[in-house]
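Number of protein chains: 2
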Amino acid sequence: MTEKPLILVTNDDGIHAKGLRELVEVMHFFGEVVVISSEVSMSGKACGITVDQPLRVTPVEKIHGAPTWKSSGTPVDSVKLSFNNLFDRTPDYVVSGINHGSNSSISVIYSGTMGAAIEGSLHGVPSVGFSLDDFDSDADFSKAKIVAAKVFQSVLDNGLAPFTCLNVNIPKGKPRGIKVCRQTHGKWMEEFEKRTDPHGREYHWLAGHFRNFEENSDETDIHALRNNFVSVVPVSVDLTCYKTLDKLKNWTF
Amino acid sequence: MTEKPLILVTNDDGIHAKGLRELVEVMHFFGEVVVISSEVSMSGKACGITVDQPLRVTPVEKIHGAPTWKSSGTPVDSVKLSFNNLFDRTPDYVVSGINHGSNSSISVIYSGTMGAAIEGSLHGVPSVGFSLDDFDSDADFSKAKIVAAKVFQSVLDNGLAPFTCLNVNIPKGKPRGIKVCRQTHGKWMEEFEKRTDPHGREYHWLAGHFRNFEENSDETDIHALRNNFVSVVPVSVDLTCYKTLDKLKNWTF
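Those protein sequence lines, which keep their order, are chains U and E. Per the numbering used here, the first sequence starts with residue 1, numbered consecutively. Per the numbering used here, the second sequence starts with residue 1, numbered consecutively.
Don't read these hints as lab results, they were simulated from the structure. Watch out, some of these pointers could steer you wrong.
A few chain U residues that don't get close to chain E, going by computed Cβ distances all over 10 Å [to be verified]:
(1) GLY31
(2) GLU39
(3) ASP136
(4) SER137
(5) ARG201
(6) LYS249
Distance condition first, Cα-Cα at most 25 Å in a straight line; then the derived DSS-like pairs of lysine-lysine [unchecked claim]:
(7) U:LYS249 / E:LYS247
(8) E:LYS70 / E:LYS4
(9) U:LYS150 / E:LYS247
(10) E:LYS4 / U:LYS243
(11) E:LYS247 / U:LYS194
(12) E:LYS70 / U:LYS70
(13) U:LYS172 / E:LYS249
(14) U:LYS143 / E:LYS62
(15) U:LYS174 / E:LYS249
(16) U:LYS247 / E:LYS150
(17) U:LYS243 / E:LYS172
(18) U:LYS243 / E:LYS70
(19) U:LYS145 / E:LYS249
(20) E:LYS70 / U:LYS249
(21) E:LYS249 / U:LYS243
(22) U:LYS194 / U:LYS4
(23) U:LYS62 / E:LYS194
(24) U:LYS194 / E:LYS4
(25) E:LYS243 / U:LYS247
(26) E:LYS194 / U:LYS249
(27) U:LYS249 / E:LYS62
(28) U:LYS174 / U:LYS62
(29) U:LYS249 / E:LYS4
(30) U:LYS150 / E:LYS70
Here are the in silico distance ranges between beta carbons for each label pair [as the list claims (entries may be wrong)]:
(31) E:PHE210 / U:SER217: 29 to 39 Å
(32) U:ASP246 / E:ASN228: 21 to 31 Å
(33) E:ASP136 / U:LEU245: 26 to 36 Å
(34) E:ASP92 / U:ARG226: 51 to 61 Å
We put the CB at the ideal spot given by N, CA and C, even for glycine.
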């Protein structure tokens, strides 16, 4: 008898998030599922790792029958732990999400959901981050679950190049289809809100709006989402800017 | 009279780190310096941002005469704050470091030092992350300071393409020169140490060693460092894997 593949499910919204539970349900159709996530939200933790603190890992109540661990670390810590003797065998796939909120465009570099997917790909297994463009903690994931199943089936059918993962963003409502895209060139324009606490001390709270530097392109993930398509962006983390590399070689230091 | 450029100096080792102070000293030669960093180490915080907590920013004792702020946030938070009304004007340059320890190869995605430099570049100003390949808190930065001055002068002379920053890693000892490189394809092989605390509870501590997937290439940052050269890698954060993009377009979802 062939052993079922082991699928690690994680996220950055924490172990209690609805999106995590929904993704576990989907992944049961594809293999044996294990879950590891944090007790608290790890939104915005990017590829962060914990170097100055020890990590605690505790088994907790199963999610839809899948063995589940609670970790004190970041999403990337959780994936690293999963490949280091936490389970009887190492995961064959890593899926992360379904995130409450989009991780398109530049958000990919801040996202803990995508941090986990990237880390999975660095461990040499096909990895996918799923995000739904809806921040509601009780969002409707019914369509997103079908998308997750379709995309994951395609990953099984086609494989993924080593050290490459997928950033899958799903629009709210009923998607018109699935589009392969590139990351939109854009950034967050921050507008910190300055407030005063009950003790008279100032604090700042991160807020802002997104600015799209290529409104007219139809090849980007933001364009797909705005037109109610699911965006699928292949992601790798060679950050070398090759366009600049040759220019730089002419500099005299 | 022309106004001197405003140079923001930050790091991920915290406000008390020797490397930060050394970099402030260097930057005084190039313009007006302001400093913002955290009280505690933010090593491994990557491009992490603080979304679920308010941020505190407090003026503290000047470093080498430069106005200095202590932030409760990550390195990226600090840079974002600096471009949002924290100072009278926004920075013209962002420099981060000098980090205690290398940020070559894949470490770039985990590094708070590089997170800050990347964030600077997203705000449209030339940005550089400097790291010395020496973890000692009392490391000798005398050579690294000269390197920082040389590289920063080159940035002034040549400019940097928008949304591109530099990842500069400096070997321990006397460098043989400066090499423009690409990011080494490699990864960390983790070996979590499992220990038991005084109360009988298990904990895990991240450890590991680096694995270079391209030992034979002489174009990589690791190769430069191993041969006692300074490595300069241009960095941008379009994570789209263009090699995979076309293949993916043939998938049927």
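> For this structure, which hints from the list above don't hold up?
Replying inline: Result: hints 5, 6, 7, 10, 11, 12, 14, 17, 18, 20, 22, 24, 26, 27, 28, 29, 30, 34 break, sorted rising.
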